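Each chain is listed here by its residues.
2 protein chains.
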Amino acid sequence: MPVATQGSVKTLTSSDLREAGYGLILSNAYHLYLRPGVEIIEKAGGLGEFISWDGLILTDSGGYQVFSMADLRKVSDDGVEFSSHIDGSRHFLTPEAVLDIQFKLKSNIIMPLDQPLAYPASKIDAERALDRTLLWAKRSKEHFLKYYDFENKNRPLLFGIIQGATYKDLRKRSIEELLGIGFDGYAVGGVSVGEPKSLTYEIINYVALNLDRDKPLYVMGMGTPYDILKGVEAGVDMFDCIIPTRHGRTGTAFTWRGKKVVRNARYKDDMLSLDSECDCFVCRNYNTAYIRHLINSSEISGLRLLSFHNIYFYSKLMEKIRVALREGNLGELISKMSVFYKEE
Amino acid sequence: MPVATQGSVKTLTSSDLREAGYGLILSNAYHLYLRPGVEIIEKAGGLGEFISWDGLILTDSGGYQVFSMADLRKVSDDGVEFSSHIDGSRHFLTPEAVLDIQFKLKSNIIMPLDQPLAYPASKIDAERALDRTLLWAKRSKEHFLKYYDFENKNRPLLFGIIQGATYKDLRKRSIEELLGIGFDGYAVGGVSVGEPKSLTYEIINYVALNLDRDKPLYVMGMGTPYDILKGVEAGVDMFDCIIPTRHGRTGTAFTWRGKKVVRNARYKDDMLSLDSECDCFVCRNYNTAYIRHLINSSEISGLRLLSFHNIYFYSKLMEKIRVALREGNLGELISKMSVFYKEE
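If you read the protein sequences in the order shown, they are chains R and Y. Residue numbers for the first sequence follow my numbering, so the first one is 1237 and each next one is one higher. Residue numbers for the second sequence follow my numbering, so the first one is 1237 and each next one is one higher.
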């Protein structure tokens, strides 16, 4: 999923996303709640209508954002009180309110409020945050059932978020309790928060092995090309990550032969496209020297061309993965890609 | 002409320009000479190839840019010595060198080096700058003839630049001498440099009345919608202006009912398009509240959507003007538009 935190995948439009092959994007309830405000999006007829996106939308609750501002918030079992990073106004959000926001946004996939932790977290902290996350998960499901019959297929989906930091016993308890409550899909939260990669993969593998496999599994906020390949190998179905657009805005292109730092002087007279194996509109029309010139000249169009190329690369990567899964040769694809991307 | 100073119409791509109906854009020899450097563009096969633009290109010499940096340059009849605004390196450009750069860029319309002045300019200064501009015009034509036979139609065009500040006798001498040298078209330089609008229009009218009318007339760097209408009324054929894209980047839309400051709070829940009379892809797909949200959230895509809408508006304005000229009712169009745009 490309990330449209504030209702826009940075530098791109909804038609760019379609052209790149996406049908599902991620947005953020917390950000949209603060700006432009839920009433405005409700008035438009939902987030899809507001941003002119005819595909599906998953909204994150914004728990991660709230808990990233340690000095701005007060948390209790009731919910979380925080100051807006925009105007300093005070807000109080409960698990129920966070769902209500997402109902109003008309999200297709709803994430409940949870309490993620930074790495490293002590076991006591991890346990306390997990208890609260599980309590909120239960309340979220109850609140959801007030509005939607779970048997009715014409409704948004509600995912559960597995926490427990780096502690396997906590992750196990999280899985068991969430399965008991019952969700449409499960997300691994609290990874890619500063821990070593090997530990990330270990947690994901552990969760995937211990989870009911007929529901989608989503890893939140993780996504170098190699991460995605390792995640899929473990059994993960969904990813979101700002990496392709953030790298685009800082002048780096993803190619089938590794990352290309376009700012680098070696590309100053490179009249070839960013990637000879890519057929996106950027690679069909523009040479690397021109894109480098745009980036060096602080031209916005350079950020846009690189961002588009990168999300197209990710879309094609997912396509290759689906083909490999169908043909049973994912291992081959992973070893091929790891030559260029393993070091990350 | 949309302005692609550094080889990019800000926030837009070449396909956007085509979609908006343009076939001719303006770029700047001075800027491209400094970055990325002429050799790189030459290696690509010219500026059109480098930036992936299959339309025509007019390049300004950059005289205006050089003379804007009073403390960075030394000027003599030979040419102008200046420091790069990018890295401080010293450069010396002669009228001949400026043409050579534009030959290498493969510009379709070439502007010679001239010496513009800020407003107000004393008559002595204006006379001295005009003498130099005319000397350089003569040398430019001579240099041009070393490479191209003026009878040969398969060659770039060379325009002459009329200077003379606000002094009619100087403007008249400028016109007479330039006509004597003979150019493919004529440009009015040294307007829109701080003088009152009424004076701008007076100079343009004066030049248009005193000029051989079988050659195109181009007013440099002027272009509110009302300016363009008044210019066409006087007999001007070509304009360039950064206004549509600059206004786009600062959150203002041009509409058929005047300018719309999209940042304004009154648009916060406006679910209509920017302009109900516009059929550009932005107006077909996006509501004003969303574009306002993007601008307020510093999302690049907001700048792009507004910039596109604005250059589309200008393209349609030129289309309306052409129709009005054909049908002999330009006056009607001017009075209609002046209701919304005269105050500028």
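Careful: at least some of the hints might be erroneous.
Note that identical chains are pooled: a pair holds if it fits in a single copy or bridges any two copies.
What the hints assert, rightly or not - In silico PhoX-like links for lysine-lysine, alpha-carbon gap of 20 Å or less:
id: 1; residue 1: 1433; residue 2: 1374
id: 2; residue 1: 1340; residue 2: 1504
id: 3; residue 1: 1279; residue 2: 1504
id: 4; residue 1: 1310; residue 2: 1451
id: 5; residue 1: 1572; residue 2: 1556
Note that these hints are calculated values from the structure, not bench results. Please read these numbers as outputs of a predicted model, since none were measured by experiment.
Tested hints:
no.	hint	in the structure
1	1433 to 1374	neither (31 Å within a copy, 69 Å between copies)
2	1340 to 1504	between (49 Å within a copy, 18 Å between copies)
3	1279 to 1504	between (49 Å within a copy, 11 Å between copies)
4	1310 to 1451	neither (34 Å within a copy, 73 Å between copies)
5	1572 to 1556	within (12 Å within a copy, 57 Å between copies)
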